[in-house]
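Going line by line, the protein sequences match chains A and B. According to my numbering, the residues represented by the first sequence are 4 to 241, in order. According to my numbering, the residues represented by the second sequence are 376 to 748, in order.
By construction, these hints were calculated from the structure, which means they are not laboratory data. Since the structure is predicted, the reported quantities are computational estimates derived from the model, not experimental observations. Beta carbons: idealized from backbone N, C-alpha and C, even for Gly. A couple of the hints might just be wrong.
Pair by pair, the computed Cβ-Cβ distance ranges are [to be verified]:
1) B:R392 <-> A:L148: 28 to 38 Å
2) B:G516 <-> A:L165: 52 to 62 Å
3) B:D631 <-> A:I100: 35 to 45 Å
4) B:A720 <-> A:W107: 28 to 38 Å
Under the rule of at most 25 Å between Cα atoms (straight-line distance), these lysine to any residue pairs were calculated in the SDA-like manner [to be verified]:
5) B:K609 <-> B:K518
6) A:K115 <-> B:F591
7) B:K706 <-> A:V111
8) A:K54 <-> A:Y74
9) A:K108 <-> A:F206
10) B:K609 <-> A:E211
11) B:K550 <-> B:E511
12) B:K550 <-> B:F591
13) B:K706 <-> A:I189
14) A:K115 <-> B:V733
15) B:K604 <-> B:F591
16) B:K637 <-> A:Y74
17) B:K730 <-> A:F206
18) B:K561 <-> B:W683
19) B:K609 <-> A:L165
20) B:K643 <-> A:V210
21) A:K122 <-> B:G741
22) B:K659 <-> B:G741
23) A:K92 <-> A:E105
24) B:K609 <-> A:G177
25) B:K739 <-> A:V210
26) B:K706 <-> A:V36
27) B:K637 <-> B:G671
28) B:K706 <-> A:A39
29) B:K518 <-> B:K566
30) B:K706 <-> B:A716
31) B:K637 <-> A:Y209
32) B:K730 <-> A:E55
33) A:K115 <-> A:H207
34) B:K746 <-> A:G212
35) B:K604 <-> B:W660
36) B:K604 <-> A:F169
37) B:K566 <-> A:D170
38) B:K561 <-> B:E511
39) B:K739 <-> A:E211
40) B:K742 <-> A:Y209
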Amino acid sequence: MNTLSHPHLLRRVFVWEFPVRLYHWINAACIVVLIATGFIISDPPAILSGKEAYQNYWFGTTRFIHFLASYIFLFNFIFRLYWGFVGNKYASWRNFIPSSREFWKDIVLVLKTDIFMTKREPENTVGHNRLAGFTYLLTFFAFALQCLTGFGLYAAMSDWWLPNMFDWVAPLVGGDFMLRQIHHWIMWFFILFTVVHVYLVFFHDYVEGRGELSSMAGGWKFVEEEVFDEADKKHEGK
Amino acid sequence: MATDSPGKRPTYYEELRAKGYSRRDFMKFCTMITAYMGLQQSGIAQVADALKTKSRIPVIWLHFQECTCCSESFIRTSHPITADILLDKISLDYTETLMAASGHQAEEAMQKTMKDHYGEYVLCVEGSVPTFGDGEYCCIGGKSAVQILQETAAGAKAIIAWGSCACNGCVQAAKPNPTHATPIHKLVKGKPIVKVPGCPPIGEVMAGTLVHIIAFGTLPALDGIGRPKAFYSKRIHDSCYRRPFYDAGMFVETFDDESAKKGYCLYKVGCKGPSTYNACGIMKWNNGVSYPIQSGHGCFGCTEENYWDNGPIYERIPNLAGFGIESTADKVGMVALGVTAAGIAAHAIATNIRKRDVVGNLIKEGKEAEKEL
């Protein structure tokens, strides 16, 4: 911690490129829509209507929105995977895969600092911290599973080759019924992830004051001058 | 019973004529069964031609752990020739339910067919096979079902698994499955197997599948699970006459409400039509009279794997195994959400208690800067 005679000088760092931010918000919107419509499809509300069936189509529309959002979700997800190979270093796939011993050590460090609060010094990570990176790897698996099970269910309703590519999924788990259940279970992972994710973003902004919340709007985070000095020393050391 | 030697066997058409059917009856049957098989009109000639020129294929029809509802369904197909051509007269060399012979005679007939027509006969299996212990939970003629299946499958040209018992174990394979009831495809490897699930399967579906094999000598096109595509590629839901109510969001809430009287969609009272593949909505039952949904009851999902264990029959949301009898995914999810929220609340409180300690300097720095400006 610095003393007050040396106030922190912050430097602007461009962390999240526009495609990453766009991906994030499309993804967030899709997940909200998919969860809302998903709950309605699994247990539709009892609506009494004096109309004839041909005058109503709200349930069909709900399902249509679910399928539309799922297509956007899938393509958005594929785009993000691609961007992991061409984007900047904060978007790179290397942030997500625990490839070294150091990665796991850092995960434990973040757990101690942020979650169990047994360590006092906050970490100076600019992009994803290692625990977040690993958690996003898990969400990518959840995305993939949800696409597999969802389009697996959808395959029988479509003549298009893309959903029909998923027609092997249902036989794998023994039929649509089990597939539907798995699809429903995985949805809960999304809900729990969203709650924790939103809380932790607020938490980081609250205790670090480096623009965590606004970074997903403008792409900037603000990093102390000392961090740059340390980085320079490291480079010189090499 | 088959006593004639190979080569001298009459064709299907010859047998039918000898039995008193006219050529007109025969053509009617060919037209009907071709339509059921989902073939185009030119297929009628092919089927008629095949049944006229090909000598009959011997069929061995085994019964294991089952209730014989498959056989019952089969002999009630809408055209009398179906039963005649396939059961009564033509080609059943061995079937416990319908054969005239019994005891040693029957076993001999089966042995003879297996020997004389090795590699040629079609093996139909009704029922699952218990594998617990030495398979003693189902024994016929001193042999266990496992033994009988292995012996007869060895020389079979193809195997048809009739009904959900043979395809996925049905009720006797439901938890806890005390006899280890096992479907056929898990016990026989290296033989072409056609699954015709259902409890029972629709008679016309059974006839269509069998006629395809005997008429064309090949298996019908199968889906990913091994069921004939002609009958199992669409969901009950896709051909349901109540589907407009589903799309309109008009659901039956209880079986005695106004919506039930008006014939609304049975989705919310547990209809498994949206995840069940069969032709009930089109072919219907008992010579096209009705099918469960038309009679006001949701689809059971009887063609689907583990349908007995897949939650309550009258509810949409299935129970979750391992979390107590009445737990659903949503209940477990809500508990997890509550735990998460509690964790977050504790974390937020702890953060605020420690805030001055952790970021006290930043706060001071910020306040001083505010004054400077």
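Structure-based check of all given hints:
Between R392 (chain B) and L148 (chain A) the beta carbon distance is about 59 Å. The supplied range of 28 to 38 Å is therefore violated. The supplied range of 52 to 62 Å is met by G516 (chain B) and L165 (chain A), whose beta-carbon atoms lie about 54 Å from each other. For the pair D631 (chain B) and I100 (chain A), the supplied restraint of 35 to 45 Å is violated, since their beta-carbon distance comes to about 57 Å. At roughly 29 Å, the beta carbons of A720 (chain B) and W107 (chain A) sit within the given window of 28 to 38 Å.
Under the criterion of a C-alpha separation no larger than 25 Å, the hint pairing K609 (chain B) with K518 (chain B) is inconsistent with the structure, at around 40 Å. Distance check on the hinted pair: K115 (chain A) and F591 (chain B) sit about 70 Å apart at the alpha-carbon level, beyond 25 Å; violated. The suggested pairing of K706 (chain B) with V111 (chain A) is violated, with an alpha-carbon distance near 31 Å, which exceeds 25 Å. Distance hint between K54 (chain A) and Y74 (chain A) is unfulfilled; the C-alpha atoms sit about 32 Å from each other, more than 25 Å.
As the CA atoms of K108 (chain A) and F206 (chain A) are separated by approximately 22 Å, the hinted pair is consistent with the 25 Å bound. Of the supplied pair hints, the one linking K609 (chain B) and E211 (chain A) is violated, its CA atoms being roughly 57 Å apart against a limit of 25 Å. For a cut-off of 25 Å, the pair hint linking K550 (chain B) to E511 (chain B) stands: about 20 Å separates their Cα positions. Note on K550 (chain B) and F591 (chain B): the hinted pairing is violated, with a Cα-Cα distance of about 40 Å set against a maximum of 25 Å.
Of the pairs offered as hints, the one joining K706 (chain B) and I189 (chain A) holds, with about 14 Å between alpha carbons and a cut-off of 25 Å not exceeded. Among the hinted pairs, K115 (chain A) with V733 (chain B) is consistent with the structure: their alpha-carbon atoms are about 14 Å apart, no more than 25 Å. For the hint pairing K604 (chain B) with F591 (chain B), the CA-to-CA distance comes to about 16 Å; that is within 25 Å, so the pair holds. Only pairs whose Cα atoms come within 25 Å are accepted, and K637 (chain B) paired with Y74 (chain A) is rejected, the gap being roughly 36 Å.
Only pairs whose Cα atoms come within 25 Å are accepted, and K730 (chain B) paired with F206 (chain A) is accepted, the gap being roughly 11 Å. With a CA separation close to 19 Å, the supplied pair K561 (chain B) and W683 (chain B) stays within the 25 Å bound. The suggested pairing of K609 (chain B) with L165 (chain A) holds, with an alpha-carbon distance near 18 Å, which does not exceed 25 Å. Distance hint between K643 (chain B) and V210 (chain A) is unfulfilled; the C-alpha atoms sit about 48 Å from each other, more than 25 Å.
For the proposed pair K122 (chain A) and G741 (chain B), the alpha carbon gap of about 24 Å is at most 25 Å, so the pair holds. Annotation: proposed proximity of K659 (chain B) to G741 (chain B) is violated, straight-line Cα distance about 77 Å (limit 25 Å). For the given pair, K92 (chain A) sits about 18 Å from E105 (chain A) by alpha-carbon distance, which is consistent with the 25 Å threshold. Our distance criterion of 25 Å between C-alpha atoms is met by K609 (chain B) and G177 (chain A), whose separation comes to about 16 Å.
Pair hint K739 (chain B) plus V210 (chain A) holds up; C-alpha atoms about 13 Å apart against a cutoff of 25 Å. Restraint check for K706 (chain B) and V36 (chain A): the C-alpha separation of about 21 Å stays at or below 25 Å, so the hint holds. For the hint linking K637 (chain B) to G671 (chain B), the alpha-carbon distance of about 10 Å falls within 25 Å, and the restraint holds. Taken as a hint, the K706 (chain B) and A39 (chain A) pair is honoured in the structure, with Cα atoms around 17 Å apart against an allowance of 25 Å.
Taking the CA atoms of K518 (chain B) and K566 (chain B), the gap is near 22 Å; set against the 25 Å cutoff, the hint holds. Simply put, K706 (chain B) and A716 (chain B) have alpha-carbon atoms about 15 Å apart, close enough for the 25 Å limit, and the pair holds. Under the criterion of a C-alpha separation no larger than 25 Å, the hint pairing K637 (chain B) with Y209 (chain A) is inconsistent with the structure, at around 58 Å. Of the supplied pair hints, the one linking K730 (chain B) and E55 (chain A) is violated, its CA atoms being roughly 61 Å apart against a limit of 25 Å.
For the suggested pair K115 (chain A) and H207 (chain A), the alpha carbons sit about 14 Å apart, so the restraint of at most 25 Å is met. Between K746 (chain B) and G212 (chain A), the direct Cα distance comes to roughly 18 Å. Compliance with the 25 Å bound is thereby established for this hinted pair. In summary, the hint linking K604 (chain B) to W660 (chain B) is supported, as the alpha carbons are separated by about 19 Å, within the 25 Å threshold. With a C-alpha separation of about 17 Å, the suggested pair K604 (chain B) and F169 (chain A) falls inside the 25 Å cut-off, and the hint holds.
For the hint linking K566 (chain B) to D170 (chain A), the alpha-carbon distance of about 24 Å falls within 25 Å, and the restraint holds. The hinted pair formed by K561 (chain B) and E511 (chain B) meets the criterion: a straight-line CA distance of about 18 Å does not exceed 25 Å. Between K739 (chain B) and E211 (chain A) the alpha-carbon distance is near 14 Å, which keeps this suggested pair within the 25 Å criterion. The suggested pairing of K742 (chain B) with Y209 (chain A) holds, with an alpha-carbon distance near 15 Å, which does not exceed 25 Å.
Of the numbered hints given earlier, the model fails hints 1, 3, 5, 6, 7, 8, 10, 12, 16, 20, 22, 31 and 32; all others are met.
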